[in-house]
Amino acid sequence: MPLPWKRNAREPAPQPSPFEDLALPLLPSLYNVAFWLSRNAADAEDLVQETFLKALRGFASYEAGSNFKAWIFRILRNTYLTSRTGLAARRTVGLEDELIVDGESGPTQYPEATIDRQTPETNLLQMADRAALQAAMETLPAPLLEVILFCDVEEMKYREIATTLEIPIGTVMSRIARARMALRKALETQRPSSRESRQ
Amino acid sequence: MTDHLSNAILNALADGELSADQLASASQHLAACPSCTSNALYQSLLKSATAKAGQRYTPPPDLTVRLARAASREDSRLQAPGFRSVPGPTSPGRFGFRSLGWAVAAVFLLAAAGLILLQHGSQRAELASAERAALVTEVFDQHVANLAGNLPPQVVSSDRHTVKPWFQGKIPFSFNLPQGLPSDTTLDGANLTYLHNEPVAQLLYSIGKHRVSIFLRQKSGATETDELATERSGFHVMDFSTNDLEGVAISDVDPARLAGLVSAVRNAQMSDQK
Numbered sequence: 002m003p004l005p006w007k008r009n010a011r012e013p014a015p016q017p018s019p020f021e022d023l024a025l026p027l028l029p030s031l032y033n034v035a036f037w038l039s040r041n042a043a044d045a046e047d048l049v050q051e052t053f054l055k056a057l058r059g060f061a062s063y064e065a066g067s068n069f070k071a072w073i074f075r076i077l078r079n080t081y082l083t084s085r086t087g088l089a090a091r092r093t094v095g096l097e098d099e100l101i102v103d104g105e106s107g108p109t110q111y112p113e114a115t116i117d118r119q120t121p122e123t124n125l126l127q128m129a130d131r132a133a134l135q136a137a138m139e140t141l142p143a144p145l146l147e148v149i150l151f152c153d154v155e156e157m158k159y160r161e162i163a164t165t166l167e168i169p170i171g172t173v174m175s176r177i178a179r180a181r182m183a184l185r186k187a188l189e190t191q192r193p194s195s196r197e198s199r200q
Numbered sequence: 003m004t005d006h007l008s009n010a011i012l013n014a015l016a017d018g019e020l021s022a023d024q025l026a027s028a029s030q031h032l033a034a035c036p037s038c039t040s041n042a043l044y045q046s047l048l049k050s051a052t053a054k055a056g057q058r059y060t061p062p063p064d065l066t067v068r069l070a071r072a073a074s075r076e077d078s079r080l081q082a083p084g085f086r087s088v089p090g091p092t093s094p095g096r097f098g099f100r101s102l103g104w105a106v107a108a109v110f111l112l113a114a115a116g117l118i119l120l121q122h123g124s125q126r127a128e129l130a131s132a133e134r135a136a137l138v139t140e141v142f143d144q145h146v147a148n149l150a151g152n153l154p155p156q157v158v159s160s161d162r163h164t165v166k167p168w169f170q171g172k173i174p175f176s177f178n179l180p181q182g183l184p185s186d187t188t189l190d191g192a193n194l195t196y197l198h199n200e201p202v203a204q205l206l207y208s209i210g211k212h213r214v215s216i217f218l219r220q221k222s223g224a225t226e227t228d229e230l231a232t233e234r235s236g237f238h239v240m241d242f243s244t245n246d247l248e249g250v251a252i253s254d255v256d257p258a259r260l261a262g263l264v265s266a267v268r269n270a271q272m273s274d275q276k
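Going down the list, the protein sequences come from chains Y and B.
The numbers in my numbering rise by one with no breaks, and the one at position 84 of the first sequence is 85.
The numbers in my numbering rise by one with no breaks, and the one at position 23 of the second sequence is 25.
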């Protein structure tokens, strides 16, 4: 049996490339977002794999020191948009979203009645129900879901999100506001049914 | 309270995107508005709950290995000879087109740099010409004023060993006076005066009955300037320079004789450097 150092010398471990050093740690995040967008495991895997290969081929165009995360998520998002599921999602919600979003950055305000009706305790109970919140997220159209994923789950700054999605920061802000409003409404509508199901 | 915080502000507050000023303003409002405080709390709780709920899917264990393998295969394919790189989704174009673009950009850059250098050189020449004209005017005025005033020199002596030490502590440089002077040339004395607000030595000579002023001052630039001769209202003005000094001579004497004196003064400075 060869000595360990001799074995190592004969079979050197493959060294990860600079691309792999940057991209592989982001795999869980990429897969998670890919799954949320494509809504199934097989498509998510395909999406991530295609994103990796596209990113590797275009790695020469990546400027060292710039935001790699935003860069590879942009590739993922563009790949998703040109995929079958992405095209379908765009056909159903894209136009409606764009028509409303760009003009909506003003001071939208929650109605006072909503505030009076709910207490922090009830809000907390609703949000503690992880399944309910995930169900509410599933109801979000793709343009709103992706900003919530980038902002809340990936903890990206508005500027990074704007770079990733190639949209103005104002649009990012209005989409986040709309997404949270939609989540809030979805949680409210789920509340009676979830109570009934618990009883 | 009617002037509640906007939805955008509440979201930016939860996301930590408010500027210091906005944050201070929002905090001030929240301290007095239970409604907005409740909303802000809701936004923060929703954000943290969404962050947890959003972490829903984990990649299959073998996906990392498969991707690393695929990346390795792709990497070796990209490095294979003859492979033409396919630009990434954000890449601007193919290499050939890109290099042509670079070449065009380089040509434009060179042309622009040449133009800038030409303009710069022209501007420098104009500036030097203007500076010299101002110097000639000042020298001319001082020399004429000296003649018109018919005042004795501040140091009256034909002995160079008297004139030179007189400037000690008066000017921030030193100079030599020529031992041998051209024929019919005498040292009359010297004055401490100013050119362009700098102290200079005004050496006073006579060539025959013609009075000569030679102004010596500390050199401002590192390069040696060309000798220039100009005429102004019948007076001849000659510039010269050494490594450390700049000199300007002015007189109504014959230019050749003035040049002889200038040469003697300049050579005296040179002999000190040897």
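Source of the hints: derived by calculation from the structure; they are not laboratory data.
Think of the CB as a built atom: it goes at the ideal place given N, C-alpha and C, for glycine as much as any other residue.
Accuracy of the hints is not assured; some may be wrong.
[As the list claims (entries may be wrong)] Pairwise CB distance ranges, derived in the manner of DEER restraints:
1. S27/B with R131/Y: 51 to 59 Å
2. G66/Y with T60/B: 26 to 34 Å
3. G116/B with A65/Y: 51 to 59 Å
4. D47/Y with Q24/B: 52 to 60 Å
5. Q135/Y with A34/B: 15 to 23 Å
6. G116/B with L82/Y: 23 to 31 Å
7. P26/Y with A113/B: 45 to 53 Å
8. A114/B with L82/Y: 48 to 56 Å
9. A113/B with G66/Y: 55 to 63 Å
10. S46/B with A132/Y: 58 to 66 Å
11. Q135/Y with A114/B: 55 to 63 Å
[Claimed, not checked] Computed footprint of chain B on chain Y, listed as stretches where at least three residues anywhere in the stretch have a Cβ under 8 Å from a Cβ of chain B:
12. 23-32
13. 51-61
14. 68-74
15. 131-143
16. 153-165
17. 168-177
Hint check results:
At roughly 35 Å, the beta-carbon separation of S27/B and R131/Y lies outside the given 51 to 59 Å, and the hint is violated. Checked against the given bound of 26 to 34 Å, the beta carbons of G66/Y and T60/B, roughly 30 Å apart, stay inside it. Between G116/B and A65/Y, the C-beta spacing of about 32 Å breaks the proposed range 51 to 59 Å. Checked against the given bound of 52 to 60 Å, the beta carbons of D47/Y and Q24/B, roughly 43 Å apart, lie outside it.
In this structure, Q135/Y and A34/B break the distance hint of 15 to 23 Å, their C-beta atoms being roughly 36 Å apart. Checked against the given bound of 23 to 31 Å, the beta carbons of G116/B and L82/Y, roughly 47 Å apart, lie outside it. The hint said 45 to 53 Å for the Cβ distance between P26/Y and A113/B, and at roughly 46 Å that hint holds. One distance hint, 48 to 56 Å for the beta-carbon pair A114/B and L82/Y, is violated here, with the actual separation near 40 Å.
For A113/B and G66/Y, the hinted distance range of 55 to 63 Å is not satisfied, since their beta carbons lie about 31 Å from each other. Checked against the hint of 58 to 66 Å, the pair S46/B and A132/Y fails, with Cβ atoms roughly 21 Å apart. One distance hint, 55 to 63 Å for the beta-carbon pair Q135/Y and A114/B, holds here, with the actual separation near 58 Å. A stretch counts as covered by a chain when three or more of its residues have a beta carbon under 8 Å from one of that chain; for the stretch 23-32 of chain Y and chain B the count is 5, and the coverage holds.
Given a C-beta distance limit of less than 8 Å, the hint that chain B covers the stretch 51-61 of chain Y holds, as 9 residues qualify and 3 suffice. Here the stretch 68-74 of chain Y counts 1 residues with a CB under 8 Å from a CB of chain B, which misses the bar of 3, and the coverage is violated. For the stretch 131-143 of chain Y, the proposed coverage by chain B is satisfied: 4 residues have a C-beta within less than 8 Å of a C-beta in that chain, meeting the threshold of three. Counting residues of the stretch 153-165 of chain Y whose beta-carbon sits less than 8 Å from any beta-carbon of chain B gives 5, enough to reach three: the coverage restraint holds.
Coverage of a stretch by a chain is defined here by at least three residues with a beta carbon nearer than 8 Å to that chain's beta carbons; for the stretch 168-177 of chain Y and chain B the count is 3, and the condition holds.
Checked against the numbered hints given earlier, the structure breaks hints 1, 3, 4, 5, 6, 8, 9, 10 and 14 and satisfies all the rest.
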